[in-house]
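Trainee: One letter stands for each residue in the lines below.
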Amino acid sequence: MEIDLGPEAAAFRTEIRGWIAAHAPAELAAMTDWNAAAMTGGHSVNAEPEQSPEYAAWEQELLDARLICASWPEQYGGRGLGPVENAILTEEFHRAGVPRIRRGFGEGMVGPSLMAHGTAEQQEHFLRRIITAEDVYCQGFSEPDHGSDLGSVETRGVVDGDEIVITGQKVWTSGFYRANMMFVLCRTDTAAPKHRGLSYVLVPFLDNNIEARPLKQMTGAAQFGQEFFDGARAPMFNVVGGLNNGWKVAMTTLGFERGGSATTQHLRFEREFWDLVDLARKLGRERDPLIRQQLAWAYTHVQIMRFSGLRLLSQLAEGRDPGPEASTSKLFWSEYEKRLGEIAIDLLGAEGLVRPEGEGYQVSHWQDVFLASRAGTIYSGTSEIQRNIIAERALGLPREGGHKPAPKPATR
Amino acid sequence: MEIDLGPEAAAFRTEIRGWIAAHAPAELAAMTDWNAAAMTGGHSVNAEPEQSPEYAAWEQELLDARLICASWPEQYGGRGLGPVENAILTEEFHRAGVPRIRRGFGEGMVGPSLMAHGTAEQQEHFLRRIITAEDVYCQGFSEPDHGSDLGSVETRGVVDGDEIVITGQKVWTSGFYRANMMFVLCRTDTAAPKHRGLSYVLVPFLDNNIEARPLKQMTGAAQFGQEFFDGARAPMFNVVGGLNNGWKVAMTTLGFERGGSATTQHLRFEREFWDLVDLARKLGRERDPLIRQQLAWAYTHVQIMRFSGLRLLSQLAEGRDPGPEASTSKLFWSEYEKRLGEIAIDLLGAEGLVRPEGEGYQVSHWQDVFLASRAGTIYSGTSEIQRNIIAERALGLPREGGHKPAPKPATR
Amino acid sequence: MELVFSPEQEELRRSVRRFIEARSPLSAVREQMESETGYDASVWRQLADQMGLQSIAIPEEYGGAGSSFVDLAIVLEELGRGLVPSPFFGSVVLAAYALLDAGDDAACRDLLPGIADGSRLATLAFTEDSGSWDLGDITLSAVPERDGWSLTGAKSYVVDGHVADLILVAARTSAGLSLFAVEADASGLTRTELPTLDQTRRLARLVLDGTPARLIGTDGAAETSLARTLDKAAIALAAEQLGGAQAALDMAVDYAKVRQQFDQPIGSFQAIKHKASEMLLRVESARSATYYGMWAVADDGEDVPIVASLVKAYCSEAYFHAAAENIQIHGGIGFTWEHDAHLYFKRAKSAQLFLGDGDFHRENLAERVGI
Amino acid sequence: MELVFSPEQEELRRSVRRFIEARSPLSAVREQMESETGYDASVWRQLADQMGLQSIAIPEEYGGAGSSFVDLAIVLEELGRGLVPSPFFGSVVLAAYALLDAGDDAACRDLLPGIADGSRLATLAFTEDSGSWDLGDITLSAVPERDGWSLTGAKSYVVDGHVADLILVAARTSAGLSLFAVEADASGLTRTELPTLDQTRRLARLVLDGTPARLIGTDGAAETSLARTLDKAAIALAAEQLGGAQAALDMAVDYAKVRQQFDQPIGSFQAIKHKASEMLLRVESARSATYYGMWAVADDGEDVPIVASLVKAYCSEAYFHAAAENIQIHGGIGFTWEHDAHLYFKRAKSAQLFLGDGDFHRENLAERVGI
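Protein chains in written order, with numbering that gives the first Met the number 0: chain A, 0 to 411; chain B, 0 to 411; chain C, 0 to 370; chain D, 0 to 370.
Calculated from the structure, these hints are not laboratory results.
Result set (DSBU-like, lysine-lysine): computed pairs, CA atoms no more than 30 Å apart in a straight line: (1) C:LYS256 / A:LYS329; (2) A:LYS329 / A:LYS193; (3) B:LYS193 / C:LYS256; (4) D:LYS256 / A:LYS329; (5) B:LYS329 / B:LYS247; (6) B:LYS329 / D:LYS256.
Which stretches of chain D does chain B cover? Using the computed rule of at least three CB atoms under 8 Å from a CB of chain B, they are: (7) 1 to 15; (8) 249 to 256; (9) 278 to 292; (10) 307 to 320; (11) 358 to 368.
For glycine and all other residues, C-beta sits at the position ideal for the given N, C-alpha and C.
The whole structure should be built from the sequences, with the hints applied where relevant.
Mentor: The following block contains the structure:
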């Protein structure tokens, strides 16, 4: 069923739908499934179509219409879309089968941090380059010994004249192979209390004494990087929010993308669900009562993602704050996907024991889902940390005696 | 399969089997199922046969043969049975269908505490009375505000000449309606640190300014009591282990009953399991694949109780210390029983909605299992506390920062 | 489909909640549990006369207020939250929708106004001694007589069947499953109240022996119409379950904040936090699903059968989970008769079993989505 | 039945563990994973020549040491603990017991000594492309020829089928399911190694096209004898699973004691403690069940078929649970290729699926206990 988000939303939807029809290059929609999951377990898809002239033409159209970083305020080069419009944009691009081009960490994290904490000069310099993809960012927060405990960052930043010199190690860097910039949290005052000696620095990533190595995962792919900083340099101009004030900048709320893919996120899970049903049919097990229970369980959870997204969006359309359901979303889908991977591989049975032929450690689609889904409950705050946060923030339960609050980490 | 516990054990088994044949009153075995669970949810069973002359005769035989409190050392009136002999005793009584008469808290807790911490005079006076059931004890540890946190006991004990005067409240007292004595943990020094101002006192329970009220449970039965002390008195002679030394006495390890019912405990669950299978057959659902999975799950867990018991006993028979499996037993059966109750009531379906006719809140057998089993994961240390204890003691994980260790509570 | 409550609906929720807090707090629920009829007739009259809740979703032409199913579900969520013992579910959900879904205008004109103004209690009798929730298993037979029909057989697990004035009975004729109206004082009808695990909701067994009845709707059409009624009932029951689950969660969280053990509130321990956050996750998921289902019914969406089974399976288990964890978090006190935790626990299990449990509805769901 | 290891058995365990730590630590396992054959032939020879492990449970008259199944299971537990890639399971468990259970004295005299001294690798091929673990689903056909038999069809998921010198093949004759011996170089036999999810255990697919074979045991008797072999194999695999589960638990606990987050070892947090204690509970339960099963086989107990399904279902899930929680407790590092956690995770899932998963064996169990 469709939900009614009010007349303004309907008008915006009509406008966007018309604009897509007029501007999307012919054949773009037919080239590939642009809205498939960007990656499953790090085996990237869609790499070639992104090199096509149609894609480039589409990117230019989006840039001209300010539909990249569209939720950024107009003054920063966006269109100032609200959460509902943002979701409608995603929905309509999805419906038309054309990609919504995003700028990753630059759009979602660096931009908002600059808008909140940067100087006018920094905003002027950096934001436009994110929109045009001149600067592509990866994230330099996590370190080998500090996965969830960001306050313990050890990578050092030393001021040297009008530059800052960085030495140390970062890890779990997704998209590192595409990046030319990294936003780094480093310790610039070792004497200050844990959270007060950190700085947030935009560091050129290439040819800058940073050795980036791919970190191979259990899936056989290398989705993440680890970086060794041996005196990487950045101008002091690139320190956002002032020296030793990096904790606050890193914690900047990511309010710009609210709504985002609330009502489209479930689509990839729904497609995956029907693929699983097809698998059960192929194996002749779709009438097995135990399998049917598992499939119905999976369907239920996919639909609950949809229902929760619709509910969230309806709230936002009414100008209301979302309820506690928003805080459980990551826990919900990551635990779901893990279980789904188990259901799939168990359904495969003996077939699940065997990988496809090919160089290295190739895995089948369902094996990839099974293996890759173990990461979902770990990155961006483990499920355990998610549960602490939910208990403390959504339910108001007291913090543990004497323990530090669990900051929401943001790897990937 | 039978396990071989070695020649000494076999000889003891032969001896006991012969003794039972010679001494158990005719008809005793036929009177009732003595080895059924003593209570399910507080609806007591077997009350009438215990009043029979055959039972009294049997009790006297057991007393004469020192087979009550048989694991107590001979000097204290027992037979000094080791854990394997103790288990064999239970097994053989079970096999013959005659009751193994026990003295509850007196046998399991007060006796051992007296042996470890009492004076020779106290041992002389109190132990014999436990064996003969002249003194029947209930436990006065838990208080309304301190379920698992025994160190916080608030009930006051004030020395008044050669007496101690007790004021306060106790709760979760099982068997209170049968008791004439209570072993009470009370605070005798309010200025001392938490665990150093407590005393362990044997308090006459009747006609002693103690108002005992039954505490009705959600099953509709009243298995536990709560007691209001308004100046109850006990001679100073009844303080065990010395004034303000009660914590140590309360923590006395209950080493005397090891082995006990290791290899017979599962029998009641096994009987219950087959009753559940009968129920499934009666409802015509025994071929339902979902039900079969649940039944197989239940069977597996019952057998694991048996296997673990056999393993434990075999270790003891070899004179080895039991492994970590001993520490998980309570968690295992209490969580099992809870799930079993759910399986049973779900299997009943609509029938589960309806109680039997009768006064008050009568429940059917399976309803009782369903409801009563919720208590198993709460009393004697909740499952959460059990898990802490297992993690710290069996796995050596560190205690929580600054938290007190979780003492093993012992309600019921 | 709007998925957001209007200011009027928010006010409806608040007023129902206020009313329940004032007139049917849990202390009063306990009195009603022990009473003869199992509910408070004066509360029932006030619900009808002051608040008009029984009429809320009944069309105006049949004496109702003509509001949507969403309004009705809001009321049910609050009744479930307060565990209010009331013939509301049987009369206003099961019976009223059985009549409406049967599409019998004359019968609706005759029978719905009494339901709408609360003057007559109605219920639906479809389950039989087999305990099956499947309409295909109904065996009670109806045969035509001169002036109407005659029913013979037994029904069981009939909600408030002992106090209903009007009983809608599903029976089999030569044309198939059909719906009939039976008056409480009809000849050959014997009603026996059944003691219930959940004392806040009464059930009865009915024996009909040549009992005269009025055919509602078309002979043989009830297989379809009752299926629609049961889908609505599943979502209505889910709304009740959602209210109860939230109450159990609130109770657990409130207790965890104040109960001290080892010199700390137990809510500061991760074990309790993680329990509570899992409860929240499930309650909020149940909320998203139930609210969607409410609007789907209100908009007469094609996906109602799918959503009904989905919502009933999920909410049944979410509520039971919340109610069970609430007892565990409370520890010993939560196991006592005097504490209210067990009232929710028993309602949760009963509501889970009533109309079919999670396994039953997941199998339905698989069938309905075409697996 | 003693259920306690003798001093000799304890010493056997220690010596196998020492050997594995010295000769096949996880670093060596990784090398073997990448190698052509998938195992280290020199380790295999040492297991045979120095330790005599391949011969341990084979009767003396067939060239073995004549020790009990318990000794064999101790070895398997240690091999599973160390994830040692080795044709041991295929050769010494599946093939050796297939021969023994077939009761063919001549074949045992001919074929077991080579298995016992490790000079020949054997395996059992029974599963086919359907992936069914049910003997009833075997379709590969055998027809009598002048000098023996001829087999045609395909087998898949054959453990170490790519390196075995001798393959015991389950095939259907006019008399029923029967067992045959096929030499690796037999005509018409094509072997294809299959890349495996768990790189520490290789599988192969075999195509037989008029391949000559020797009948083992009585024609048509393999339905019974192979069922007995598979019961033993299930308990043997459970012993491996137990070893692996304990290793995963140890790895998780060791890490939780040293890994600091928020200025504390993560093992001090209840969330981690409760995970670890649940792992322990399941590992210890798996241990009790597996040890019982080992002795039941050694004593030829009547309850072996029941215990086999029980143990395989339970240990499969206990191992997977432990291996999965081990990754979660390790966090990001546990998800990397370089960390050993995933080796256990993949073995756990593969061992769970191999010979039938928990659902399959619980259904078997229900059947076998007479439900």
